[in-house]
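Engineer: Sequence:
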Amino acid sequence: MTQERWPEGTHYVETANLPQAFFANVDAGGERNLLFEKRDGSWHGHSWRAVADDVRRLAAVLVKCGVEPGERVLVSAENRPEWAIADLAVMSIGAIVVPAYTTNTEDDHHYIMDHSGASVAITSGGMLASRIALAANRAPSLHSLIVMDDSFTAPDGLRPKLQFWGAALAGAAPLEDLDARITAQQPDDVCCFIYTSGTGGRPKGVMLTHRSIQANIKAAMELLTEGNVLENQRFLSLLPLSHSYEHTAGMHLPFQIMAEVWYCESTDQIANNLIEVSPTLMTAVPRLYEVLHDRIMRGVRAKGGLSEKLFMAAVRLGSKRLAGRHLLPHEFVLNLVVDRLVRTKVRARLGGQLQYFISGGAALNPEIGNFFMALGINLLQGYGQTEASPLISANRPGQIKIETVGPVVAGVDLRIADDGEILVRGNLLMKGYWRDDAATMAAIRNGWLHTGDIGEIDADGYISITGRKKDIIVNSGGENIAPGRVEALLTIEPEIEQVMVDGDKRPWLSAVIVPSDDLRAIAPSPDALYTMIGEAVDRANSRLSQLERVRRYIIADEPFTTENGQMTATLKVRRHVVRELYGDRIDALYPQK
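Its first residue numbered 248, the sequence shown is counted upward by one per residue in the numbering used here.
Hints are supplied without guarantee of correctness; some may be wrong.
[Said to hold, decoys possible] Okay, derived cross-link-like pairs now, DSSO-like style, lysine-lysine, Cα gap no bigger than 30 Å in a straight line:
#1 K567 with K550
#2 K717 with K678
#3 K648 with K717
Treat the hints as calculated values from the structure; they're not laboratory data.
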């Protein structure tokens with residue numbers, strides 16, 4: 248679905264708030280398609296003008312529901328055009344968007360509804376809408392429920408008033424005073440509560456303002472300008488829009504640069520969607536790049552023979568060039584061959600138009616990053632936190648150090664505290680945590696956000712994240728170990744799908760390991776599976792210091808997933824959950840006193 252090129256000269260326009268930034272581009276966008284979704288096997292586009300009209304109609308529906316400026320509206324749905332429309336409509340009337348993950352349980356949804364004091368919930372349908380409805384029944388403040396899919400059947404005894412998206416918008420006239428409502432909003436007004444998914448404890452409601460999110464957008468646009476990739480962009484939106492990373496970079500940034508946004512069907516369909524959409528940019532968390540790497544390598548090994556040798560030559564020679572080493576004459580010729588026979592095909596499998604993969608949300612294994620870069624696929628690793636709207640730093644196009652998260656983006660001050668913690672200051676910071684002054688004061692001191700991450704800065708200003716302060720393992724000898732590095736080297740082994748390293752106050756490290764599906768398929772017995780995992784652990788240990796080596800391990804009963812509560816929605820392991828689940832077996836690995 249090729250569209251004509253956008254006019255040259257797309258640039259950052261200073262506006263007081265996010266809805267104003269969106270509507271400033273509507274006339275230029277006109278009938279050009281902005282948002283795309285796949286229905287019944289075909290992609291369907293929604294034009295700028297149609298999206299703007301729906302925003303105005305939904306705003307009227309919300310005002311009729313009694314939503315006042317400053318009130319909270321919960322939004323929980325799969326990535327789809329209605330999500331963006333809901334976000335803009337809520338903000339346009341001066342209310343506050345409260346995104347919630349679709350993977351939340353009924354109790355999770357109830358906690359967020361109750362804690363935020365949401366008065367309206369907007370959701371998609373199916374089992375998600377059922378969980379939302381049951382949670383809404385228990386939330387005293389919530390009086391209205393808007394469901395996108397009209398096939399939804401409400402549970403018996405539903406207390407909040409139920410409206411269906413299509414009928415509600417069809418029966419509403421665009422809100423006449425919406426422009427005045429938008430103009431009334433100030434940069435420092437809170438527009439969004441994003442509840443941190445967290446790897447431990449109850450989530451906190453991070454209060455983000457128009458100013459904080461726009462500071463991130465401006466910095467991201469300057470970053471894209473450096474790579475000459477600001478115009479004519481096509482985003483493939485994969486991460487949940489309830490995560491600050493996608494909420495800013497996958498929704499409001501594309502609105503500002505007038506990019507197309509294509510909503511990925513699911514992680515299972517990412518390979519097909521990449522080919523169908525031919526995106527120029529895609530943001531994702533490291534785990535998804537690991538899955539993509541593993542999928543590519545499985546296909547390579549299955550082919551074997553000359554194909555595998557050529558592929559590995561492409562990776563090896565690409566890595567040599569990335570390291571700044573000159574190719575020998577015969578390597579130079581071979582590199583030309585594999586560029587045509589291997590790298591071109593890999594790029595085609597990713598849609599053929601991809602300019603950058605962007606990684607954030609957790610630390611990227613450098614070997615995964617190097618793998619893609621060696622195949623000619625640019626990968627920019629960045630760093631951020633929900634509390635910073637979220638972008639703090641990012642690698643620069645043409646100046647990539649894949650083992651780092653790059654230098655700070657424009658408008659950010661950063662320093663390293665005496666204990667190694669990263670401190671951040673700037674307009675990007677949150678206003679605080681909703682209804683939690685103590686946590687706010689602990690997080691922001693003297694204007695500096697205490698990130699909880701441990702890091703270093705090199706001579707070029709590039710930042711390396713060495714660990715999470717609360718995750719640092721202090722062994723029985725008092726030595727500090729960052730588990731993330733150990734886990735990254737373990738999961739690069741094809742036999743190991745997931746891992747959690749433990750060892751706090753212990754003499755050495757242990758691990759809970761999830762074997763790969765391929766290994767489970769070929770292992771003739773549980774003992775053989777354990778032995779084969781041991782061989783993979785030994786290979787990883789050979790690249791680790793004595794202190795970092797895993798001495799003993801157990802095999803997990805099941806994969807870590809969001810469904811079983813062992814991973815966050817951004818695919819980070821919930822350490823406290825896994826540790827509690829396997830606590831007795833982990834304890835049994837160590838000598839008993």
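Engineer: Taking the numbered hints from earlier one at a time, note which ones the structure violates and give those numbers from smallest to largest.
Structural biologist: none
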